[in-house]
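Asks: Sequence:
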Amino acid sequence: MVTSVLAAPKFSESQEVKFIGGTGIVKSCRLESNNWFYLVVMPMKLEPKIDRIGYETMIWLSEA
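Residues in the sequence shown are numbered consecutively from 2, following this note's numbering.
One thing to keep in mind: the hints can contain errors.
[What the hints assert, rightly or not] Calculated cross-link-like contacts (lysine to any residue; reagent style SDA-like; alpha-carbon spacing at most 25 Å):
| # | residue 1 | residue 2 |
| --- | --- | --- |
| 1 | K11 | I26 |
| 2 | K11 | N35 |
| 3 | K19 | S34 |
| 4 | K19 | E64 |
| 5 | K11 | I60 |
| 6 | K19 | A65 |
| 7 | K28 | A8 |
| 8 | K11 | A65 |
| 9 | K19 | F38 |
Bear in mind the hints are in silico, worked out from the structure with no lab data behind them.
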């Protein structure tokens, strides 16, 4: 008999996180291959001369 225990994610939605490379806000998380991955949105900088739509940078970060 094999029992699998999945840990709850360490970070929650709307939580501010800091990592190598910057800071951001967790927008969502998902479990993949027994690792939690977080979609982190980094804050926008000053308005550039060209138009942009949406967030400046969104990245997936692994909890591992």
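Asks: Now tell me if each hint is right for this structure.
Replies: Each hint tested on the structure:
1. K11 / I26: Since the Cα atoms of K11 and I26 sit roughly 14 Å apart, the hinted pair holds (cutoff 25 Å).
2. K11 / N35: holds (13 Å)
3. K19 / S34: holds (24 Å)
4. K19 / E64: Given pair K19, E64 holds - Cα atoms ~12 Å apart, limit 25 Å.
5. K11 / I60: holds (17 Å)
6. K19 / A65: Holds, at roughly 15 Å.
7. K28 / A8: holds (19 Å)
8. K11 / A65: holds (11 Å)
9. K19 / F38: With a Cα-Cα distance of about 15 Å, the restraint between K19 and F38 holds, given a limit of 25 Å.
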